[in-house]
Each structure stands twice: as structure tokens, then as C-alpha cells.
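Engineer: Protein chains in written order, with my numbering: chain D, 1 to 450; chain C, 1 to 100; chain L, 1 to 470; chain X, 1 to 582.
Because the hints were derived from the structure by calculation, they are not lab data.
Please note: incorrect hints may appear among the correct ones.
Think about it this way: if two alpha-carbon atoms lie no more than 25 Å apart in a straight line, the pair counts; the simulated DSS-like pairs of lysine-lysine are [claimed, not checked]:
| id | chain 1 | residue 1 | chain 2 | residue 2 |
| --- | --- | --- | --- | --- |
| 1 | L | 96 | D | 338 |
| 2 | D | 426 | L | 361 |
| 3 | L | 153 | X | 511 |
| 4 | X | 551 | L | 154 |
| 5 | D | 338 | X | 551 |
| 6 | L | 154 | D | 337 |
| 7 | X | 101 | L | 361 |
| 8 | L | 346 | D | 337 |
| 9 | D | 337 | C | 86 |
| 10 | X | 100 | D | 337 |
| 11 | X | 23 | L | 361 |
| 12 | L | 153 | D | 337 |
| 13 | X | 101 | C | 94 |
| 14 | X | 529 | L | 429 |
| 15 | C | 99 | X | 551 |
| 16 | L | 290 | D | 338 |
| 17 | L | 290 | X | 353 |
| 18 | L | 290 | L | 361 |
| 19 | C | 99 | D | 338 |
| 20 | D | 338 | L | 151 |
| 21 | L | 154 | X | 529 |
| 22 | C | 99 | D | 333 |
| 23 | X | 100 | L | 151 |
| 24 | X | 551 | L | 361 |
| 25 | L | 99 | D | 427 |
| 26 | L | 361 | D | 338 |
| 27 | L | 290 | X | 529 |
| 28 | D | 338 | L | 21 |
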Amino acid sequence: MEYLNPQYILFSGILLLILVDFLRRSLNSNKKVFLHYITAVFLGLALVFDVIYGNMNINLFSEVQYSQFVTGFMLFLSFFIYLFIISDKNEHSVAIDISYLSAVLGSTLVVLSSNLLSLFISIEILSISTYALVYMYKSGNALEGAVKYLSTGVISMVILIFGISLIYAGSGTLSFSSLHVISYLPFIAGVAIVIAGLGFKSTLIPFHMWAPDTYEASKSSVTAFISSVSKAAGLIAMIRVFFFALPVSSLFVTALFLSIALITIFISSFLASVQDRIKRILAYSSISQAGFAFISIAVLTTKGINAAVFYIFAFAVADAIVFLAYDMFEGRKVIYKKESSSMAQVSRIGAIAFFIGVLSLAGFPPTIGFFGKLLIFYALFSSGYFALVILAFFALLVSTFYYFNILSEMHVIDRITRDKKQLPVKKEQRVKETILIILTLALFIGVIFA
Amino acid sequence: MIPENYFLLLTSILFVIGIYGILSRREGISIIISSEIIVNAAIINFVSAANFYSALNGISYALITLIMIVFETVVFIALMVVFSRKTGSLSISKLGRYKG
Amino acid sequence: MINLIFLLLVPAIGILLLILKRFYDKLPSPEIIVLSVMGVNALLFALGLVFGFSGFNVNINPSISFSFSLQENFITIPFLLLAVTVPVAILLFAAKEIKQSKSIFYLFYLLVYVSVVSVFVSSNLIVFFIFWEVAVLSLFFITGLWGNSEKGKKAAMKFLVFTQFGSLTLLAVFILLFLYTGSFNFSVVASRMSFLPSYIEYISFFLLLITVMIKMPIFPLHGWLLDSYYYSPSSGTMLLSSMLSKLGGFAFILFGFGLFRNLLLEFRLPLIALGVFTAIYIAFTASGQKDLKKLLSYSSMFYMSLIFIGISSGINLAVAGSVLLMVSHGFIITMLFGISYILLQKTGTNETERMGGLMSKMPLLSFFLIFGIFASLGVPGLSNFPGEFLIFIGSYGVAGISLFAIFGIMLSTNYYLRVIKQALFGQLKKTFASLTDLSKKELLFMAFLSFFILLLGLFPSLLLNTLGGL
Amino acid sequence: MLYLILLPLLISAVIIPLLGERKNISWLISLSAAVFSFLLSIFFFILYFNKNIIESYTWFSFSNFSFSLSLIGNNLTLFMTLLVSFISIMVLMFAGVYMKKERHARFYAEMSFFIFSMLGLVMSNSLLLFFIFWEFVGITSYLLIGFWYDRAGPANSSKKALLITRIGDLAFLAALIVVFSALKTFSISSILDSIHSMPLMALAIAGSLFTIAGLSKAAQFPFYTWLIDAMEGPTPVSSLLHSATMVAAGAYLLVRLLPLISAAGLLNLIVVIGFITAFAGALLGLKERHFKKILAYSTIESLAFMFLAIGTLNAGGAIFYLFTHAVFKSMLFFISGGLAIIFGTYDVYELNKKKLRGNWFTIPALIGFASISAIPPFMSFFAHSAITHNFNVFENIAFVFVAFITALFSFRAFFVIFGSKTKKPLKKEFNLFFPIILLSIISTVGGVFLYFFNGIISIVYSFDVFSFIALAASLLGVFVSYEIFYLGKTRQLTEKMKSLSEKIAGYGYEKFIIAIGNSISTFGFYVGKFDFMFSNAMSRIAESTFILSSKTREIENGDAFRYITAVVIGLAAILLLAVIFI
């Protein structure tokens with residue numbers, strides 16, 4: 001029983017795939033699809049085991065109160081995103097399956113890591129496999145996205161490890177349970193550098209600049225993964241380090257975090273509102289979502305962390321939905337905001353799912369985006385940050401503006417009845433729509449986790 | 001016995017040199033090389049701190065770091081190869097299809 | 001006993017049917033579905049008036065005290081009357097106005113309907129907020145998609161951003177209440193109001209004021225009003241003016257008067273002064289309008305400011321008057337907007353100066369226009385009078401300044417009479433020689449509303465007796 | 001049971017529109033309703049004579065406040081119902097002639113409703129009910145004045161009438177609120193009982209607001225202009241408006257609330273306004289050519305007399321004069337309408353050319369104009385003496401002048417219209433003939449009413465020196481006007497009088513009112529513009545931030561190197577902050 005947890009399952013999946021790939025010569029090329037199914041089965045199994053048995057619990061990786069929930073939704077999302085990916089009949093190599101599995105593994109490990117170094121390793125696993133995913137899942141100009149992602153990523157990673165090494169030099173330990181705050185310059189500098197390093201993964205401004213480009217360059221289903229699961233991992237890492245490992249409740253850290261969060265929310269909102277391409281708006285919106293989650297982390301209270309975890313879940317699901325739905329439209333050349341009117345022609349269900357996803361991102365009830373924001377404001381209020389909430393309101397207004405700019409252009413609805421001219425529906429589109437429906441349902445049912 | 005602070009000073013200097021290296025050149029390769037300098041600084045930190053605290057895990061952290069960074073470098077260089085093949089240059093500034 | 005959930009379930013079934021209609025064309029037309037839904041709901045409401053309503057409660061997430069609970073409160077019945085009846089009339093009207101994407105329009109229409117009804121009966125603040133937002137959203141789309149083709153979207157966006165800010169401040173109030181009382185349940189919150197520290201009380205009260213002032217709207221925060229009223233389709237304008245603005249008043253009574261009564265009493269003088277200023281300012285603004293729809297939009301705001309005066313006086317007499325005025329104004333303004341749309345359709349212009357002498361060609365329409373105008377001028381026997389009267393009596397007792405709002409009524413007499421004179425009286429223009437009077441459906445619409453205007457005007461005690469809990 | 005008096009007319013007001021346009025049926029219904037009301041009034045008058053019966057109904061009540069509507073049956077109110085319903089019968093009969101060619105249903109429905117409201121008004125004991133009927137009267141009069149909506153004149157004048165009387169309505173409303181807040185009751189009788197428990201401030205406010213209401217309804221200075229314009233309406237409407245209903249309501253209100261007004265200390269003001277109005281009305285009437293407008297000015301003046309009586313705490317005199325005035329003024333309007341039906345004009349000089357003296361209109365007209373001038377033996381002479389009872393010396397002296405000028409301007413009209421002798425007699429139509437003759441008989445022998453009247457309301461006559469001086473002045477006025485207008489002597493004087501009245505007319509009061517109206521519109525227009533800018537200001541601010549952010553987007557120019565730089569800058573910033581703060 002001890003080994004029946006998602007991490008081992010995923011790891012064995014990776015090994016199996018490598019083995020099979022190694023023996024590929026002997027396999028028929030038709031059997032490749034079979035490998036995809038195996039991958040999907042492993043992801044599904046991981047999800048099931050997470051729900052039943054929870055995560056692995058060893059030296060460097062241990063469960064915390066929310067880890068089962070977080071890995072659960074990560075696996076849930078990864079599973080459906082993967083199903084979405086393979087529902088495309090496009091040939092893709094087993095390498096992608098492997099990197100996908102290892103990315104998922106990395107992100108679940110981030111949640112569990114109880115040591116700064118294991119955190120670093122998990123993030124590395126996640127990063128490296130997502131670089132590969134971005135590049136290998138060929139779409140338009142994936143190379144540019146990959147290069148931008150990678151060059152920023154490499155620097156962030158080395159910064160991170162340097163920060164970790166400074167912390168080690170300052171305190172002599174990297175284990176979260178034994179770390180404690182000391183007022184020693186190298187240690188402080190290390191902490192500061194770690195903030196910068198982790199900021200990359202969770203796309204906080206000013207470490208966000210790769211994100212819009214990479215999101216736009218890579219295939220939307222991959223973007224869905226990066227912007228939901230991988231970003232969730234980055235934010236969870238923030239929580240791990242700054243709430244559990246280094247409970248620094250000094251005014252300085254709070255002020256720094258809050259200002260980073262506010263800057264992130266505001267700048268991304270304003271930048272999103274002047275974009276023309278839908279995907280880029282979504283990219284910036286995804287950054288602003290991270291800002292919201294971070295604002296809740298920044299208060300550094302239990303309420304704030306709970307709110308942040310729930311909010312991360314909420315926006316991850318919504319982000320996954322909008323990017324997956326957008327994947328369907330992207331194929332039909334719906335690029336610019338004003339073209340969103342033809343979304344509904346591509347897929348009516350896709351359009352509606354996109355619609356609801358955006359609503360959730362904008363924080364409209366009764367979706368979980370609203371409940372996430374509710375919890376965040378609750379956390380902020382209970383720590384007494386009234387002015388901050390009002391500021392956040394303004395940012396929300398701006399975000400309402402750009403979200404609804406897409407939606408009102410969308411005519412979700414207007415054209416459907418008028419134009420009977422529907423594009424022919426393929427079988428895989430039905431599969432995709434089903435996936436979207438399931439995810440959309442999660443947007444409503446997710447309330448029970450709040 | 002060299003005091004711990006000397007090592008920290010050294011690694012800080014290395015760090016700054018690395019950062020300078022990253023900022024001064026636009027070729028992908030120079031970025032990865034400068035990054036290596038920073039990683040080396042981190043490794044020095046780990047090792048010296050392990051010595052200072054007389055705990056062995058610092059050494060193992062250094063080794064793990066080394067391994068991980070090798071992966072990273074490999075991926076980076078692989079991508080750079082593709083990149084230079086496609087664009088005929090190593091300057092990452094040449095990219096500009098996706099912007100603001 | 002009629003369970004309140006039925007009032008929500010019936011429209012929900014209607015929504016489902018509308019969605020299913022996509023796939024099975026054999027279902028009746030959307031208008032009929034919506035009409036029957038509303039008919040059944042009205043019947044349920046009538047039954048409920050006779051046999052009483054019972055509450056409904058389902059716990060969803062106890063950790064944030066989120067339960068789907070519906071309960072009558074002290075001002076529910078009059079508002080329910082409004083929410084159950086006026087949309088029927090608007091439907092009669094929309095059936096003529098809306099030509100494209102009918103099923104989607106009615107989907108949004110039912111959403112507005114169900115959300116307004118639910119806001120009035122919900123006793124959990126989250127449920128309240130959810131439906132509050134759904135109403136805003138649906139109206140955003142109604143304005144944006146069926147409104148003026150050029151400016152509709154912009155107006156809708158303005159409406160959304162403004163009201164969204166109001167919604168967020170309301171949300172902040174709810175969260176603050178939850179923070180200190182530990183519950184989103186209205187009755188629990190009400191019983192634990194003493195837990196709030198005084199500064200929190202102040203903060204929440206002012207946030208609530210912002211919400212109310214945006215929603216009703218009141219002077220500095222009324223920027224969205226004109227655009228969204230003007231560029232909406234007429235049925236959207238009717239929904240906005242008769243339903244959405246009433247949500248603001250409802251929230252003000254429920255929370256401002258129900259929860260923060262001490263603060264309301266403390267601040268009533270400046271609030272009444274603000275209301276009086278708004279009333280006079282808007283009456284002047286309306287006097288300057290040449291366009292009938294704009295004029296009506298502003299005049300609608302004028303009555304909302306009277307309501308604001310009434311509620312902020314904090315006297316139960318005036319609050320009861322505000323409730324009456326809100327209900328009655330819902331009927332009247334719907335009728336007036338309907339007439340303005342019919343005039344636009346028939347004469348091709350919204351400017352009263354360019355009409356003239358229509359009375360000889362359209363006696364029925366003229367009758368209803370004059371009827372509506374006199375009703376909104378507060379002629380006794382019609383529904384605005386008891387409300388206005390109670391508001392003035394109540395608020396005069398606490399602030400003599402409220403009498404100055406009567407000057408606003410004077411100004412509105414002026415502009416309304418100008419409308420009658422320019423549009424109906426005078427010589428018939430030659431271009432209008434072939435005008436026809438109201439059709440049967442429009443007549444039904446008018447008669448339906450007039451019936452309620454007369455009924456509530458003659459027997460205000462029908463509503464007042466339900467307000468005993470104030 | 002008093003509401004029974006109201007019912008017939010209400011029923012007729014509802015039934016007539018339902019029946020639609022049918023020949024004469026609307027007329028018959030409304031006439032018979034008025035007759036019913038009249039009979040019921042007689043019945044109740046006899047039943048409740050010298051009693052004080054209050055019938056109260058609760059309209060609605062809320063938390064200890066009861067909004068009750070009550071009717072009162074006593075000598076005064078029932079006498080007023082008698083008067084109103086009687087005059088209404090006469091007017092409706094006349095309307096049968098005058099409105100033959102018009103569309104009936106709307107007219108008679110509105111007339112019935114109008115009479116209904118007036119009957120309700122005179123009987124109501126609750127101020128709330130009083131206000132309700134007061135509003136009804138105002139609005140129905142608006143609709144009636146604008147009966148010929150497709151002509152420019154009625155369209156304008158009806159708007160003006162309602163606007164100006166609406167000032168009074170709203171003043172009434174405000175006063176009602178003030179009184180209710182102070183005393184928690186609407187009942188006039190209990191209000192008058194407890195005046196002294198009212199705070200002085202509230203009393204003053206309420207009193208002046210009620211006075212404004214009364215003045216505006218009764219078309220006194222400075223509100224009189226609407227009444228002149230209201231002549232654009234059909235003549236039956238004018239006659240009803242002028243005699244027993246609309247304008248009388250203003251005086252009646254003050255009569256009912258006389259103790260309150262006097263406690264508020266407004267009596268002298270009312271007297272002054274009364275004199276101003278009387279002078280102004282008479283002088284303005286001098287230049288008028290339009291028969292109905294001359295009558296309108298005389299109405300204004302007569303009402304001013306009532307206000308003089310009210311201002312001197314002489315309720316009985318006011319009511320007596322109201323009665324007298326109602327009788328002769330409606331008759332004069334019938335005459336004007338009758339002439340207009342036959343000759344198609346209201347212009348007195350046009351009528352002069354038609355050679356009217358000697359036909360059957362002459363005697364009633366003479367009676368009417370003599371009544372205006374208060375010449376014995378007509379009833380109005382006694383009424384005048386009743387008015388002047390409480391006058392002091394100054395008021396009496398002023399009144400002498402008024403009497404002179406009144407006689408002058410009223411007989412001017414008579415002499416001009418009936419200036420030349422005719423040969424052929426005019427046709428007599430029963431519905432026209434009967435009311436005129438009946439009313440002229442009443443105005444003639446009305447003096448006999450005196451003793452009867454005294455039983456109804458306490459009236460004191462004062463046939464003192466001044467009343468005879470006033471009589472002499474009136475006769476002088478008749479003589480002067482005979483000299484000037486009939487014989488055509490002293491043209492110079494005529495010209496002077498004309499120019500004087502034109503000067504008064506030209507002092508721009510009308511223009512001033514119109515200017516106020518226009519400036520409200522203009523001001524409203526600018527406020528509207530301001531509001532438009534104001535509401536757009538916020539979106540402008542939002543747009544400017546978007547412009548700002550479209551500049552910021554330039555930072556992300558797609559150069560990956562810049563992205564790395566951003567990371568390093570961010571790192572440096574955080575590091576710097578960390579080092580500085582710790």
C-alpha cells in the first residue's frame with residue numbers, strides 16, 4: 001500500500017514508456033496510440049491513488065494538510081488535458097508522453113517537497129519537461145516560445161539554486177522542519193533571491209515576461225498545462241517556502257509580497273486590456289490570476305493560505321478550460337479579439353465552456369472563481385488590509401473590462417441561431433467537448449472544497 | 001581554516017560576475033556559461049557551508065545541484081543547436097514574432 | 001404553504017426547456033415557454049399569499065457557511081409582487097421588439113427573472129450575491145447584444161464595470177459581516193450585529209452605500225445610467241429600470257435599514273441632503289432633455305432618489321413608502337418606456353419636438369401616456385402617490401430639508417407636461433397621417449400595467465399590510 | 001352616507017367612456033348624474049341641517065398612523081354641494097348646446113369627473129381627501145382646458161394652467177406633510193381644534209404654504225395668468241371653472257382653514273394680495289377685447305374680493321360672495337358662449353357690429369354686469385356689504401376705488417357689446433335660455449336669500465357709510481363708462497385709460513413667467529450637458545489609463561534578452577530592498 005501513490009505510479013509510467021520506446025523498433029507504428037493510452041491510464045491511476053491513498057511520504061517529500069487536494073486537482077487537470085491532447089489524431093512522439101508524465105510528476109513533487117533542495121529538484125523536473133513539451137509539441141513557432149521560456153528559466157533556476165545555497169550557508173539546513181528565520185545577511189539575501197527564483201515559475205511581475213510569448217507560441221493544450229498545473233506548482237512552492245519553511249511575518253516581507261502582488265495584478269490587467277489577440281489576453285489574465293493568488297499568500301496567515309490554495313485550484317481549472325477551448329478555436333484561425341464571434345461556429349459547447357471559464361476567471365458567481373475571490377477577500381479582511389481590497393477591486397474592474405471585451409465580441413450566442421452554417425463536426429471534437437463539459441462542471445462543483 | 005565569510009564573499013563576486021556575463025552578451029551560449037558560473041558559486045557555497053557546519057548533506061546537495069544543472073545545460077544547448085540551425089545565429093535577441 | 005424553492009424551480013425548468021429547444025424543435029416557441037413559466041410562478045405567488053410561504057434550506061459548504069437557503073423577510077412580499085408581475089408585461093412587449101436570437105434572449109430574460117426573484121427571497125448572503133451578479137450579467141448581454149448596434153456594447157461595458165464595482169463593495173460588506181459574525185446567514189448575521197467593532201460597522205456601511213448609490217443610482221455614481229438605459233433594447237431598459245434599480249433599493253432596506261440602522265440614523269441628514277440634491281439635480285437634467293427615452297431615464301433616477309431619501313430617513317413609515325414607491329415605479333416606468341418605444345417605432349423619432357398632434361391618431365396611446373405621466377407625477381389614486389406621500393411624511397419628521405425634493409416634482413411636472421404638449425397636443429404633422437393606434441398586444445401590455453397602477457394606488461394597504469415587520 | 005352624493009358622477013365618469021361615442025347619451029348620463037347629485041344634496045342638506053356629521057374611512061394605516069379619509073356634512077359643506085351641483089346642472093345644460101358638434105364621450109366623462117372631484121372637495125373633512133380631490137380638480141381642469149388639443153392655444157394654456165396650479169398643489173402637499181408631522185392627524189376639525197399645540201414654525205410654514213396653494217388655485221396675484229389663458233378651453237368648461245369649482249376651491253380652502261391661516265398671521269398679507277389682484281384685474285380687464293377674457297379678469301377680481309373677506313376673518317361673507325359670484329358669473333359665461341355660437345366670435349368690438357341690443361340676451365347681461373358692479377337690488381350688492389363687514393378704514397377707502405374701477409371695466413364690456421340696437425330677435429334654445437334666465441332670476445331676487453342664508457352660515461351685513469360710498473363709486477363708474485364707451489365722449493380719457501392698462505399689462509409679468517420657464521429649460525439643458533460630461537469623465541479616466549498601458553506594452557518587444565534583463569532587475573530590486581530593510 002505504501003507504494004500505491006501517484007508519484008510512484010507516474011515514475012513507473014515514465015520508466016515503462018522509456019523501456020517501450022527503447023524497444024520501439026519492434027513495435028508497429030500503429031501501436032503508438034497504444035502508448036498514449038498507457039500514459040493516460042497511468043495518469044488516471046495516479047489520480048485514483050491520490051484520492052484513495054494519498055501521496056508518498058518519504059524523507060525529502062512529505063504530505064502537508066492540503067497536499068492531497070492539490071495533487072488531486074493537478075492530476076485531475078493533467079489527466080483531462082492529456083486526454084484532450086491525445087484526442088487530436090496528430091502524430092506525436094513518445095517523448096512527449098514521457099515529458100508530460102515527468103512534468104506532472106514534477107509538479108506533484110513540488111507540492112510534497114519538504115526540503116529546499118527537493119523543491120529545487122522538483123521544479124527542475126517540471127521545468128525541463130515543460131521546455132521539452134513546449135518545443136516538441138510542434139505548433140507554429142514553438143521554437144521561439146521554447147527559447148524564451150528556457151533562457152529565462154535557466155537564469156531563474158541558477159538564481160534559485162544560488163539563493164538556496166546562501167540559505168544553506170546561513171542556516172546550515174535546508175529542511176523545512178528545521179529551518180527558521182535568522183537575521184544574518186547571507187540568509188536574508190538568499191531568501192530574497194529565492195523569491196526572485198520562484199517568481200519565474202509563478203509568473204509574478206517582473207519575472208513574467210516570458211509567459212505571454214511562450215503561452216502564445218506553444219500549442220494551446222500545452223499552454224493549458226503550463227498555465228494551470230505548472231503555475232499552480234510554482235505558487236504552491238511559494239506557499240511551501242514562505243509559509244511553512246520560513247514563517248517570516250515581518251512587515252518587510254509582507255510589504256514586499258503585497259507590492260509584488262499588486263504590481264502583478266495591476267500591470268497585467270492593464271496590459272491585457274490593450275491586447276488584440278485572444279490568447280495573449282488570456283496569457284496576461286493568467287498572470288493576473290497568479291497575482292491574486294499571491295496577494296492571498298502575501299498575508300501569510302492560515303486563512304490566506306487556505307484561500308490561496310483554493311484560488312489556485314479555481315483559476316487552474318478555469319485556465320485549463322479556456323486554453324483547451326481556445327485550442328479548438330485556434331485550429332480554425334480565431335486569433336484576434338474581433339474574430340471571437342466565430343467561436344461558436346467552431347464548437348458551440350466549446351464556446352460555452354470558454355464563456356463559463358472566462359466568467360470564473362473574472363470572478364463571477366456561481367463559479368468557483370467567485371468563491372476563490374471571496375476567500376481571498378475574506379483573508380485580506382481578517383488581516384485588516386481594507387485599502388488593499390479596494391485596490392484589488394479596481395484591478396478586478398479592469399479585468400472585468402477585458403474579459404467582457406472578449407465575451408461581448410464573442411456573440412456566443414448571437415450567431416448560433418442565425419447561421420445554420422456549422423462546420424462539420426468530427427468525432428474527436430465530440431471527445432474534446434466532453435472533456436470541456438467535465439471540466440466546466442468542476443467549476444461549479446468545486447465549491448465543496450472551499 | 002578559511003573563515004566562512006571569505007567563501008561567501010567569493011561566491012558573491014562569482015554571482016555578480018555571472019550576472020554581468022548574462023547581461024553583457026546576447027548569445028545563448030554565453031548565457032549558459034555565465035549561468036554555470038553562478039551555479040559554481042552555489043556549489044562552493046554548499047561545500048564551504050558543509051565544511052563550516054561539519055554536515056555532510058551539504059556535499060550531497062552540491063552533487064545533486066551539479067547533476068540537475070547538467071540536465072538543464074543539455075536541454076539548453078540542444079535547443080540552441082536547433083535555434084542556430086533555424087536562424088543562423090545564436091543571438092536570442094533575434095526573436096520578435098511574439099511581442100507586447 | 002408554498003415552498004419558496006418552487007418560485008425558482010419553475011423558471012429553472014423554463015431555462016432547461018429553452019436550452020432543449022435547441023435540440024427539439026417541436027417545443028413551443030420561447031415566448032410561450034417564458035409566459036407559461038411566469039404564469040405558473042404568478043399563480044404560485046398568489047397561492048403563497050393565501051397560504052403563506054415556507055423556507056428552504058440546503059447546506060452546501062458549512063466551512064464558509066454557504067447554504068442554499070430561501071426565506072421570506074420583512075419586505076419580500078411587495079418586491080416579489082413586482083418581480084412576478086412586471087416581467088410578464090415586459091415579455092408581452094419584448095415579444096414584439098426582439099426579432100433575432102429569440103431563444104437566447106429569453107434565456108437571459110428568464111435568468112434576470114429568476115435572479116431577481118431569488119435575490120428577494122434569499123436569506124443567505126452568498127446566494128443573494130450570486131443571483132445579484134447573475135442579474136447584472138444577463139442584463140449586460142441583453143444590452144450588449146440586442147441593444148443599439150453601435151453603442152450598445154460600449155454602454156453595456158460601462159454598465160458592467162460600474163455595477164461590478166458596486167457588487168464588489170457589496171461583496172466586501174458581506175465578507176466583513178462574515179468575518180465578525182461567522183455566518184452568511186441573514187438572520188444569524190442580524191442577531192450578531194453587536195459583534196461588529198464600530199469601525200468595521202462604519203466601513204461596511206459606507207461600502208454598502210457605494211453599492212446602493214451605484215445601483216439605484218444616486219448622484220456622483222450615476223455615470224452608467226444614461227448610456228445603458230438609452231442604448232439598451234427597450235425591454236432591457238424596462239428590466240433595468242423596473243428590476244435592477246430596485247435591487248439597489250432592496251439591498252439598502254435589507255442591509256442599511258435592517259442591519260446598520262444605527263449608522264443610518266446617524267448619517268441620515270447628509271444622506272437625505274444627498275438624495276434631495278440628486279432629486280433636484282436630476283430633475284433639472286431631465287428638463288433639459290429633448291429625447292423622450294433620455295428624459296424617462298433621468299426621471300426614473302429622480303424617483304430612485306426619492307426612494308433614497310425615504311430609506312435613508314430610517315423611519316419605518318418612510319421606508320414603507322419607499323417600498324411602495326419602488327413597486328409602483330416599477331410598473332409606471334415600464335409603461336412609459338414601452339410607450340416611448342412604440343412612439344419611436346411609429347414616428348421614427350425619439351424627440352418629442354418632432355412629434356406633434358399624435359393624440360388625434362392614437363387616442364389610446366395618448367390616454368396611456370397621460371395616465372402614466374400623471375401616475376408618475378403622484379396624482380392620488382394612482383400608485384405613486386401613497387409611496388411619495390409616506391416618504392415625505394416620514395422624512396420630513398427627521399429632516400425638513402426633504403421637503404425641497406417637492407421642488408423636483410415641480411420640475412418633473414414641467415418636463416412631463418412638455419412631453420404631453422409636444423408629442424400629443426398640437427396639430428398633427430402631415431408625415432404622421434397614416435399612424436395607427438395600439439395593437440391588441442400593446443393594449444394588453446398597457447392595460448395589465450395600468451391595472452396594477454390603479455390597484456396599488458387605490459388600495460395601498462394591500463402592500464402596506466405585508467410590511468408590518470419593518 | 002355622504003359619499004352617495006359623489007357616486008352618480010363617478011359612475012357617469014366611468015360609464016361614459018365605456019359606452020363610447022353615441023348621440024347625446026353621454027350628455028344625458030352626465031346631466032342626470034348631476035341632477036341626482038343635486039337631489040341627494042338637497043336630501044342631505046335637509047337631513048343634516050345644523051348638524052355636524054363626520055364620516056370617516058381609513059384608506060390605509062401603518063404603524064399607528066392612520067391615513068383616514070373623512071367627509072363632513074354640515075351647513076357649509078352641504079350648501080357648497082348644493083351650489084356646485086346646481087351650477088353643474090346649469091353648465092351641463094348649456095354644454096348640450098355649446099358642444100353639440102364636438103366629440104361627446106371624452107368631454108362629458110371629464111366634466112363628470114371634474115364635478116365629482118369638486119363635490120368631494122367641498123365635503124371632505126380630511127385634509128388628505130381634500131388634497132386628493134384638489135389634485136383631481138387640477139388635473140381634470142388641465143384635460144378640459146386642453147380639450148381642443150389639436151389647436152396651439154389650448155395646448156399651451158392647459159400646460160400653463162396645470163403648471164401654475166401645480167405649484168399650489170405641491171405647496172398643499174408640503175403643508176399637508178408639515179401639519180401631519182406636527183399633529184398626526186388629517187382631520188380638519190381636529191387640526192383646527194389643536195392649532196395652538198402646533199409649533200410656531202410649523203404653523204407659519206404650513207399657513208403660508210396653504211396660502212400659496214389657495215392663491216394659485218384661485219388665480220390670485222402672482223399666479224393669475226393661467227386663468228386668462230384658460231379661456232382657450234370650451235366655454236362650458238370656463239364657466240364651470242370660474243363659477244363654482246376650480247377657482248372657488250382656492251378660496252374655499254382658506255375659508256375652511258381660516259383659523260389656521262389667522263393663527264399663522266397671514267391675514268394682512270392676504271388682504272394686500274387681494275387688493276393688488278383686484279386693482280390689477282380690473283385695470284387689465286379694461287384693455288381686453290375678448291369677451292371671455294374680460295369675464296376672466298372679473299373672476300380674478302371677484303375672487304380677490306373673497307380673499308379680502310377671508311383676510312378680514314369674514315368667512316361668511318366670502319362664502320356668500322362665492323355663491324353670488326358663481327351664479328352671475330356662470331350666467332355671463334353662458335351669454336358669451338351663446339353669442340359665440342350664434343356669431344362665432346368672442347371679440348367685443350366684433351360683437352358690437354352685430355347690433356345686439358334688444359335681443360333676449362340684453363337683460364340677463366345687464367343683470368350680470370350690474371352684479372359684477374354690485375348695484376342694488378341685485379344679490380351681489382348684499383354680498384359686497386357682507387364682504388366689507390370687517391374692513392377697517394383704509395381697506396374701506398381702497399375698496400371704494402376698487403368698486404369704481406370694477407364698475408367702469410365691467411360696464412365697458414356691456415356698453416361695447418350691446419352698443420347698437422338690433423331689429424331681428426334671436427332664436428331661443430331651451431338649454432341655453434333656461435339656465436340663463438334661471439340664474440339671472442336668482443341673481444336678481446337673491447337678496448331674499450339673505451334671511452335664509454343667515455341660517456346657513458353666520459353672515460353679518462354692514463350697511464354703513466362706506467358701503468353707500470362704494471355704491472356711489474360704482475354708479476359713478478357705470479356713468480363714466482356710459483359716457484366713455486357708449487356715447488363715445490372724451491376719447492382722450494379713453495386713450496389714457498387704455499394706455500395705462502397697457503402699461504400695466506406691459507410690465508412684463510407674463511414675459512417674466514415665460515422667461516422663468518425658459519430659463520429652467522435652458523438651465524436644465526446645461527445641467528444635462530454637465531451631467532453627460534460628468535458621466536463620461538469616469539470612462540475618460542479609464543480610457544487614459546488604457547492609453548498609458550498601451551505605452552507599457554512597448555516594453556515587451558519580443559526580445560528574449562530584455563526578458564532576462566527584467567528578471568535580473570527584479571532580482572536586484574528585491575535584493576536591494578532586503579539589504580536596506582534588514
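Engineer: It remains to establish, for every hint, whether it holds in the given structure.
Structural biologist: Going through the hints against the structure:
1. L:96 <-> D:338: 30 Å, violated
2. D:426 <-> L:361: 59 Å, violated
3. L:153 <-> X:511: Given pair residue 153 of chain L, residue 511 of chain X is violated - Cα atoms ~46 Å apart, limit 25 Å.
4. X:551 <-> L:154: 23 Å, holds
5. D:338 <-> X:551: 22 Å, holds
6. L:154 <-> D:337: 15 Å, holds
7. X:101 <-> L:361: This hinted pair holds, its Cα atoms lying about 19 Å apart.
8. L:346 <-> D:337: Violated, at roughly 37 Å.
9. D:337 <-> C:86: 31 Å, violated
10. X:100 <-> D:337: 70 Å, violated
11. X:23 <-> L:361: With Cα atoms ~22 Å apart, residue 23 of chain X and residue 361 of chain L stay inside 25 Å; holds.
12. L:153 <-> D:337: 14 Å, holds
13. X:101 <-> C:94: Cα-Cα ~93 Å, so violated.
14. X:529 <-> L:429: 29 Å, violated
15. C:99 <-> X:551: Given pair residue 99 of chain C, residue 551 of chain X holds - Cα atoms ~13 Å apart, limit 25 Å.
16. L:290 <-> D:338: Judged against 25 Å, a Cα distance of about 35 Å means the pair is violated.
17. L:290 <-> X:353: 47 Å, violated
18. L:290 <-> L:361: 22 Å, holds
19. C:99 <-> D:338: Distance ~19 Å between residue 99 of chain C and residue 338 of chain D Cα, so the pair holds.
20. D:338 <-> L:151: Cα-Cα ~16 Å, so holds.
21. L:154 <-> X:529: Answer holds: residue 154 of chain L to residue 529 of chain X is near 20 Å, not above 25 Å.
22. C:99 <-> D:333: 19 Å, holds
23. X:100 <-> L:151: 53 Å, violated
24. X:551 <-> L:361: Violated. Residue 551 of chain X to residue 361 of chain L sits at ~58 Å, over the 25 Å cutoff.
25. L:99 <-> D:427: 34 Å, violated
26. L:361 <-> D:338: At roughly 46 Å apart (the allowed maximum being 25 Å), residue 338 of chain D and residue 361 of chain L break the hint.
27. L:290 <-> X:529: Answer holds: residue 290 of chain L to residue 529 of chain X is near 12 Å, not above 25 Å.
28. D:338 <-> L:21: Not OK: residue 338 of chain D and residue 21 of chain L at ~29 Å, beyond 25 Å, violated.
Taken one by one, the earlier hints fail for this structure at numbers 1, 2, 3, 8, 9, 10, 13, 14, 16, 17, 23, 24, 25, 26 and 28, listed in ascending order.
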